[in-house]
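There are 2 protein chains.
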Amino acid sequence: DGGGVESLDYEVIENFAYREEQALRGKLYVSYLLVVKWFFALLIGICTGLAAVLINIAVENFAGWKFSVTFDIIQKSYIAGFVVYVLINLALVFSSVYIITQFAPAAAGSGIPEIKGYLNGVDTHGILLFRTLVGKIFGSIGSVGGGLALGKEGPLVHTGACIASLLGQGGSTKYHINSRWFQVFRSDRDRRDLVTCGCAAGVAAAFRAPVGGVLFALEEVTSWWRSQLMWRVFFTSAVVAVVVRAAMGWCKSGKCGHFGSGGFIIWDISDGQEDYSFAELFPMAIIGVIGGLLGALFNQLTLYITTWRRNHLHKKGNRVKIIEACVVSILTSAISFGLPLLRKCSPCPDSDPTSGIECPRPPGMYGNYVNFFCSKDNEYNDLATIFFNTQDDAIRNLFSAKTINEYSSQSLLTFLVMFYALAVVTFGTAVPAGQFVPGIMIGSTYGRLVGMFVVKYYRKLNIEEGTYALLGAASFLGGSMRITVSLCVIMVEISNNLKFLPLIMLVLLISKAVGDAFNEGIYEEQAQLRGIPLLESRPKYEMRNMTAKEACGSGRVVSFPRVVKVSDVVSILRSNKHNGFPVIDHTRSGEPLVIGLVLRSHLLVILQSKVDFQHSPLPSDSRGGGRSIRHDSGEFAKPVSSKGICIDDINLSSDDLEMYIDLAPFLNPSPYIVPEDMSLTKVYNLFRQLGLRHLFVVPRPSRVLGLITRKDLLIED
Amino acid sequence: DGGGVESLDYEVIENFAYREEQALRGKLYVSYLLVVKWFFALLIGICTGLAAVLINIAVENFAGWKFSVTFDIIQKSYIAGFVVYVLINLALVFSSVYIITQFAPAAAGSGIPEIKGYLNGVDTHGILLFRTLVGKIFGSIGSVGGGLALGKEGPLVHTGACIASLLGQGGSTKYHINSRWFQVFRSDRDRRDLVTCGCAAGVAAAFRAPVGGVLFALEEVTSWWRSQLMWRVFFTSAVVAVVVRAAMGWCKSGKCGHFGSGGFIIWDISDGQEDYSFAELFPMAIIGVIGGLLGALFNQLTLYITTWRRNHLHKKGNRVKIIEACVVSILTSAISFGLPLLRKCSPCPDSDPTSGIECPRPPGMYGNYVNFFCSKDNEYNDLATIFFNTQDDAIRNLFSAKTINEYSSQSLLTFLVMFYALAVVTFGTAVPAGQFVPGIMIGSTYGRLVGMFVVKYYRKLNIEEGTYALLGAASFLGGSMRITVSLCVIMVEISNNLKFLPLIMLVLLISKAVGDAFNEGIYEEQAQLRGIPLLESRPKYEMRNMTAKEACGSGRVVSFPRVVKVSDVVSILRSNKHNGFPVIDHTRSGEPLVIGLVLRSHLLVILQSKVDFQHSPLPSDSRGGGRSIRHDSGEFAKPVSSKGICIDDINLSSDDLEMYIDLAPFLNPSPYIVPEDMSLTKVYNLFRQLGLRHLFVVPRPSRVLGLITRKDLLIED
Ligand SMILES: Nc1ncnc2c1ncn2[C@@H]1O[C@H](COP(=O)(O)OP(=O)(O)OP(=O)(O)O)[C@@H](O)[C@H]1O
Ligand SMILES: Nc1ncnc2c1ncn2[C@@H]1O[C@H](COP(=O)(O)OP(=O)(O)OP(=O)(O)O)[C@@H](O)[C@H]1O
Ligand SMILES: [Mg+2]
Ligand SMILES: [Mg+2]
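Chains W and R are the protein sequences, given in the same order. FYI, the numbering for the first sequence is 1244 to 1960, going by my numbering. FYI, the numbering for the second sequence is 1244 to 1960, going by my numbering.
Source of the hints: derived by calculation from the structure; they are not laboratory data. Bear in mind the structure is a predicted one, so any value in this text is a computation, not a measurement. Honestly, I wouldn't trust all of these hints.
[What the hints assert, rightly or not] Quick partial rundown of chain R residues pointing at chain W, CB under 7 angstroms, derived from the structure:
(1) V1698
(2) Y1700
(3) L1704
(4) N1705
(5) V1940
[Said to hold, decoys possible] Subject to a maximum C-alpha distance of 25 angstroms in a straight line, what follows is the list of computed BS3-like cross-link-like pairs (lysine-lysine):
(6) W:K1559 with W:K1645
(7) R:K1495 with W:K1783
(8) R:K1270 with W:K1783
[As the list claims (entries may be wrong)] Simulated restraints on C-beta separations:
(9) W:P1942 with R:S1863: 23 to 29 angstroms
(10) R:N1788 with W:S1897: 42 to 48 angstroms
(11) R:Q1318 with W:S1496: 20 to 26 angstroms
(12) W:F1696 with R:Q1318: 23 to 29 angstroms
(13) W:R1488 with R:A1756: 40 to 46 angstroms
Note that beta-carbon positions come from the ideal geometry of N, C-alpha and C, so glycine has one too.
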């Protein structure tokens, strides 16, 4: 396990080539860099915004067209309608799963665990490729448009990250635009900031929540954060908000088909409940507990099912994956069409002209009170209102105010159970899938259920079931994802109502605490399952009693001398899988001295290019001058999400093998070091906070040459 | 300079006592700690919320009473009214400056630079004492109630931080509650988190902006951040919001005097401008530029004036400070009363019953259109509306919608110039003073001016001058403080309108960029002036070409042997001012070995208690057992914001001086180390990210005992 996973080099390798390059660059370069970074933030914002618009328009049009066709046909025959409905869904889901399995396997799932891993320092193969981006966008359109119990929001985060990374490297690796201009972002470290921007942009686009996007990137995804970056991330999110707003304005004129009326989720409940009494806090707390329990259960069930899928089903190849997704699609269609048929319709309530809500809703429109399989014209089917509908509309209906008693508790319970089951089963099929919207669906259903009881027993006038639905949604997401601040802000931004902030917080506090008692958050669990070794921000408790030496084991350290024979390099690289090696030289008096760390990837570049081979086994004193550098730091740059060269790819003649390499110009001269008996807690902090990949454990020093305190670091420009 | 400034020990000192204590504590202790931390977050929220309520009620009542008395008197005589007005203001300001100079000198100013320093690792003497808290609260009431050109928001941040720190140590140092319960928060490191919570609580209370509070603490104040902390900080802010809301609800019933109608700033403009055209972006950009210029000028002028004050005025003692504040108060009163007298009144506009705004405003009420020195009854004085008013009401009037053409450009210009001058002069007087509200006043004035031009030349119907005033406020704060994301969110939360987010961002982007071209933000400049050496999150550009050895200079390192004579300790501590010393032992074979770092403060505790003195110059092998620890880690804990013991306070007999101390149990056995030729950039990152105080520069190691990679740190619980 963890086969496709390698660490990223977030540390700056201050080798000779790097230092030469730095020396050539003046102070002006710093400003240039700044401008380029802001420009990229702008670009990322625009592109992510456009991608989100594309996905939304496509999904809304497919789904809208699907429902209007079905509604047309069921006027004549319910069976024909059912067949058409199933077939359209099947076609969409099939196209999605086909794209994913044949073309972009890394685009399956939500992508958030992988991006989280990337920003934590672990590279999962293929997650930031161009084909993954394409697969994610079109796969999402198919899977969401096809009515599966999953959302398009998680994939949008991955989409944003892909866009950011691809822009940063100047296009796809295949169609590489090799311009000097893009050389700025060639290290993992630079790309990290871009990917953070992309994540925030994705969330901002998904929920039209710029502040929520920044906080999500900050709280949930990224592992390192600087306040300069924050402003740039925020800028990106705001650009997204502007792009999306502009697109929506343009769509209002009817140019986007079905999109005009639905589209970007923003379940405005600014006309919701005005105030709340203290007595209401109790049912709200209950919502929190339910959310924690159901969320933790969801995590556990999806964990089992994903493990089972991996070990039994998905091993058998792509055909099984395709069949699986198609079966799930047919199941989903059958349930969402069939169950409302079994439900008796209810008579419309006395219409209230001020609320602007019609019953039944006029054909071809969005809204509450769907007339489906009803005998009379002024009746509606409450189960169809939520089940036989796009998810966005269903949520809008569940959140809606001034619709007290629209749903029967029986319908809500049926929906809750069935949709929960569907969401669990759908999780892990080979299509792009987000958990936000299904989570909101599930949560708002039981939230509204609790709300109905409150309306019944508290007998207060201004209680709105929609408000409880919102709290339910927050509680389920909190119980499953265990996100806190950003979820709060996202819920406030999508409901467009600042008043609910303390209530949402209360519910989240409880649901997260309850959920934490059972298991970890869904992203952490999925990351673990996929073999992505995330380093948490806190060291484990056991580390207090361990030392650095104990942690790194007792194996002999594989190291290189300064000047090394090519054949030795090859055999050492073949004999192990380590990615970094200490380089040991000798002082004039013959004592050994650690002069740095050389990376496997750099050694491979040197072996491949061969220009640095020399005949003499003596160091060619590169610092003394004379010799010009034969590499610029760009050659050592690793392409995004590719495995780079492998030792077996390199062909060396027997003459080559007899030559020598002086490693001094290529090594990182000062990796971070820790004394052998430092407690592992402190080692962990160092490793995690600085985002390292290698750390040398050395003997206690024999002398202290100087102390560095704050004063020594206060250098004026 | 920097005399009163010492670094804080944010590093965990893993000495013998600490490790013993850790060993005694089971895993349950971790849960206990968690509960205590949340409990404290709750407490901090409640207390800060109550403090904010107290300040607001007091200020509103003093100010409200002042204005109603003055309005009553000027019905008969303007001169008598003027005298009363000046005297009330003078009395309030005098009480404030008297409290500050005599009782709590550390409470002067806004306190944000000091708190920022604290969280960056620098302790300014006295900022977190109980007397500072008291001085801050009552001083704020006096200075804001007295009508000076300053605000109560900055001081509230300091108040929150004080409350947090005092709660953390269980009350004031003098009235120390020595309960085991509070031993959790005795290290600087633990208090750091509490103070962060306190800051966020302060902002949340000041602006009723919980999200803004969290982001302010995150972006502007704190230097280290973890996502667990974020949730706790957010909780604190939300508790504040609830407390404040409850208090306001209680006040609505009229129990708080004048507070009922005014009070907590929240300049709701949710009924403001609905939409904006692209053409409006140009004047908005101009607002941004003006904000950047005026903000940078403000920083520069206040820098000059504060330097001058420090070097010439405040040296002469407290009496001068008191006189100065009184002069400023009289000046402010004279201008704010006198200038509106010179202004001709304008006739009331045709009243619009839907807007609910009366002209002139009824006596004893808050609102637009103040009738002051007008000959007719249906006239109002536009300058008095903003000048002869509390700042909160003035801002509300400037932000107000549906009041187009209320102000003449002449009045706004006069007010802008005079208030700007007053704000500059007031800055740095010895009273608690925030810069938020004056900044909003200045900004909204020129914002409204620009808005008037837009209304005039763009001839669009739905343009509101109030919206431009809001953007102006944002631009000035951005140009002066250079805060970004949090300012955006705060502006959105106080205006209660999410729609303006992109506009505020645009304006802030421009004003910050323009301001940055001239100088640093006001908090950084003030911190520098006060000798608070903040370490920025980024290393300076010059550091790339420096090594660790170069930075720490060439002075001989002062170190201790493991077992040291008491007289030597005393003489070494007397001979220098260093705060940390390496301890050197010898191996069996006689080679030197660095065994750790001992802090001056710990040495002083040992010297004072004397229990560890021994007669023999041989190490008493403390690890081997037998000897029990004579200190618990609590004895080494430093009280908050006190200088601790000084070497001159310690009296030792000549017998004592002949004895020995074995330092082994007291030292930090593994301080972080860097090799001598590591580039200073990397050293800086290590020092800054981990919040260190001392760092050993050591020779390059001769061997590598092991490598630590990600795999080694993935330990399962
Ligand atoms: N040069 C080396 N000599 C000896 N042991 C090493 C060396 N490099 C790493 N190790 C040890 O071998 C184990 C695996 O190392 P490896 O380099 O494969 O790292 P890894 O954890 O897979 O990191 P990455 O994420 O970089 O692949 C680690 O536990 C580490 O202690
Ligand atoms: N034990 C020591 N021996 C020699 N030089 C030292 C020692 N400790 C510190 N120094 C050097 O002396 C200078 C001042 O050190 P000092 O201990 O006063 O620290 P400081 O910068 O004031 O830190 P603090 O903020 O802890 O007071 C620093 O530049 C440091 O390099
Ligand atoms: Mg590996
Ligand atoms: Mg000092």
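Practice task
Evaluate the given range 40 to 46 angstroms for the C-beta pair formed by R1488 of chain W and A1756 of chain R.
Solution key: violated, 23 angstroms
Handout entry: Evaluation of the interface hint that places V1940 of chain R against chain W, nearest CB under 7 angstroms
Key = holds, 4 angstroms
Handout entry: 25 angstroms Cα cutoff - pair K1495 of chain R, K1783 of chain W
Key = violated, 50 angstroms
Exercise for the section: Please test the hint of 23 to 29 angstroms on the beta carbon pair from F1696 of chain W and Q1318 of chain R. Expected result: violated, 59 angstroms
Exercise for the section: Would you mind confirming whether the straight-line C-alpha gap from K1270 of chain R to K1783 of chain W stays at or under 25 angstroms? Expected result: holds, 11 angstroms
Practice task
Would you settle whether the hint for Y1700 of chain R is holds or violated, based on the nearest Cβ-Cβ distance to chain W being less than 7 angstroms?
Solution key: This hint is violated: Y1700 of chain R lies away from chain W, its Cβ roughly 24 angstroms from the closest one there, beyond 7 angstroms.
Problem - CB-CB spacing for S1897 of chain W and N1788 of chain R relative to the 42 to 48 angstroms hint - result: holds, 43 angstroms
Problem - Pairwise hint evaluation, K1645 of chain W against K1559 of chain W, where the allowed Cα distance is 25 angstroms at most - result: violated, 51 angstroms
Exercise for the section: Take a look at whether the Cβ-Cβ distance between P1942 of chain W and S1863 of chain R falls inside 23 to 29 angstroms. Expected result: With a Cβ separation near 25 angstroms, P1942 of chain W and S1863 of chain R satisfy 23 to 29 angstroms, so the hint holds.
Problem - 20 to 26 angstroms as the expected CB spacing between S1496 of chain W and Q1318 of chain R, which holds or is violated - result: The hinted range 20 to 26 angstroms is violated for Q1318 of chain R and S1496 of chain W, with Cβ atoms some 59 angstroms apart.
Handout entry: chain W contact restraint on L1704 of chain R - CB to CB distance below 7 angstroms
Key = violated, 18 angstroms
Exercise for the section: Hold the hint about N1705 of chain R up to the distance rule: shortest CB distance to chain W must be less than 7 angstroms. Expected result: violated, 15 angstroms
When each numbered hint is compared with the structure, violations occur for hints 1, 2, 3, 4, 6, 7, 11, 12 and 13.
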